[in-house]
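Enquirer: Line by line, the protein sequences give chains Z and F. Quick note: the first sequence, position 55, residue 57 per my numbering, numbers continuous. Quick note: the second sequence, position 30, residue 56 per my numbering, numbers continuous.
Warning: the hint list may mix true and false statements.
Claimed, not checked - Across the chosen pairs, the derived CB separations fall in these ranges: (1) Z:99 / F:45: 33 to 39 Å; (2) Z:169 / F:142: 45 to 51 Å; (3) F:172 / Z:180: 31 to 37 Å; (4) Z:99 / F:198: 20 to 26 Å; (5) F:112 / Z:140: 46 to 52 Å; (6) F:171 / Z:11: 20 to 26 Å; (7) Z:146 / F:178: 26 to 32 Å; (8) Z:154 / F:171: 19 to 25 Å; (9) Z:146 / F:81: 38 to 44 Å; (10) Z:141 / F:172: 37 to 43 Å; (11) Z:154 / F:142: 28 to 34 Å; (12) F:142 / Z:19: 28 to 34 Å.
These are calculated hints, taken from the structure and not from any lab test. By construction, the Cβ of each residue, glycine as well, lies at the ideal position given by its N, Cα and C atoms.
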Amino acid sequence: MPGDWRALLALVLVFGPLSLFSIGGGASLLAEIEHQAVGVHHWTSPREFADLFAISRAAPGPGTMLSALIGWKVAGWPGALTASVALYLPSSLLVFVTARLWGRWRGSAWHAAVENGLAPVAAGLVLAGGIAVLRAMPGGPAIWITAVVATVLLMRWPQLNPLALFAVSGLLFGVFAALGH
Amino acid sequence: MAEGGRRDREGAGKAQISLAAIAIAFFWLGVTSFGGGTAAWLYRAMVQRRHWIDDQAYLSGVALSRVMPGSGGVNLTVQVGQQLRGGAGAVVAVVGLLSGPLVIVIALAAAFARIAGSALAHAVLDGVAAAAIGLTFATGLVLVPRGASQFGQIAIVAVTALTVGGLRWPLLPVVSCLAPLSIGLALLQQRWRR
C-alpha cells in the first residue's frame, strides 16, 4: 500500500537524521521525538506519547525503545523495525568507522575538548526531554511532585533501582485512582 | 612481555568465538539490562565474566561512545562485536542486543492497548511516567558540570534545555550551533589552564 510506504518513509526521515544528533545517548532525543511525533506528524496524542514513554522506560535494554514504539504505533511491526534501523544504523556505522581512528587520537587536546564540550549539550538535551514529557502529560500536582521526589531520590541514592521506583509510583497512582472512583 | 603474551593468547581466543555465541551473549545482555545502564551491564557480562575484551579496550570504547552520537550501550556493543569478529560480529551483536527488548516493549504496548480505555491503567502509567521523568532529570543533572570555572558550560546546559525543552526549538539546528561553540569553549579553557 502506498500509504504504508509513505508512513515508513516519514519514519526514516525523522529518525535517520536524529541518529547522528543523539549526543550523549538516546535520552537526548526525547524532546525532539515528542515534538515530531505529537506536534509535527500527529503520530500520537500527547496522552499516548506519555503512555508510550512510560512503557519504553519499563522495558529492558538501551533506553531508546521509544522510537520503536512510535514506529509500531504508526505502521505496526514494519514501522517498529524501520524506526529502529533508522535510529541505530547511522550512529552505529559512524562508530564502526571511527573506532580504529579513535585509538590514534587518544590523549590529544582535541579528544578532551570534544568530550568536555559535548557533555553540557548532552546534559541540556536530557533535561529538555524531561520537560517535553512533563508537558505531554495531563499535568496536576501529583505528577509534578512525584517527578521531583524521584529526581531527588535518584540523585541522592544513585544505586537505587529505578524499576523499583517506577513500580512503587505506578502502584500509588493506581491505588489513588481506584480510591477516587 | 608477559602481558604481551597474554594479549596474544586472548587474540587467538577471540578468533574462536562464534557469531552464535556473540548473538546469544548480547541477547541476554539486552533482556537483562534494566534501567538503561547497558554499558555497566556490558562490563560485567563481557569483561568480567567472559573476558572477551580487557579493561583498557572497554574504557576506550566507553570514551568513544561518549563523543559519538547514539545510545552508549549500542555504541559499545558495535565496538565489542567489531573487535571479536569484525563487521559480522558488530551486526550480530547489535541485532542480538536489540531484538529482545524490541519484542518485549512492543508486547507491553500491545497488552496496554487492550486496556487503554481503563482509567486505572492510565493512572498506573502516569505514575510510572512521572517517576521516569524523575530518572530523566536526575540523569541530566548528574551530567551538569560543577564549579565556578564552569560558568560557560552551565550556561550551555541551560540554553540547550530551555530552547529545545522550553521553547520547543528543533534539535538539529540548536545542536549544530551549540556543540561547536561548546567544544570551542572547552579548547579555550584548556589553553587558559596551561
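Enquirer: Decide, hint by hint, whether the structure agrees.
Expert: Evaluation of the provided hints:
For the pair residue 99 of chain Z and residue 45 of chain F, the beta carbons lie near 21 Å from each other, so the given range of 33 to 39 Å is not met. Distance hint check: the CB atoms of residue 169 of chain Z and residue 142 of chain F are about 20 Å apart, inconsistent with the given range 45 to 51 Å. Between residue 172 of chain F and residue 180 of chain Z the Cβ separation comes to about 43 Å, which falls outside the hinted range of 31 to 37 Å. As the Cβ distance of residue 99 of chain Z to residue 198 of chain F is approximately 21 Å, the hint placing it in 20 to 26 Å holds.
Between residue 112 of chain F and residue 140 of chain Z the beta carbon distance is about 49 Å. The supplied range of 46 to 52 Å therefore holds. A beta carbon spacing of about 40 Å between residue 171 of chain F and residue 11 of chain Z contradicts the range 20 to 26 Å that was offered as a hint. The hinted range of 26 to 32 Å is satisfied by residue 146 of chain Z and residue 178 of chain F, whose Cβ atoms lie roughly 30 Å apart. Between residue 154 of chain Z and residue 171 of chain F, the C-beta spacing of about 20 Å keeps the proposed range 19 to 25 Å intact.
One distance hint, 38 to 44 Å for the beta-carbon pair residue 146 of chain Z and residue 81 of chain F, holds here, with the actual separation near 42 Å. Residue 141 of chain Z and residue 172 of chain F have their C-beta atoms about 31 Å apart, which leaves the hinted 37 to 43 Å range violated. Checked against the hint of 28 to 34 Å, the C-beta distance between residue 154 of chain Z and residue 142 of chain F comes to roughly 31 Å, which is consistent with it. With their beta carbons about 31 Å apart, residue 142 of chain F and residue 19 of chain Z fall inside the hinted range of 28 to 34 Å.
Of the numbered hints listed earlier, those contradicted by the structure are 1, 2, 3, 6 and 10.
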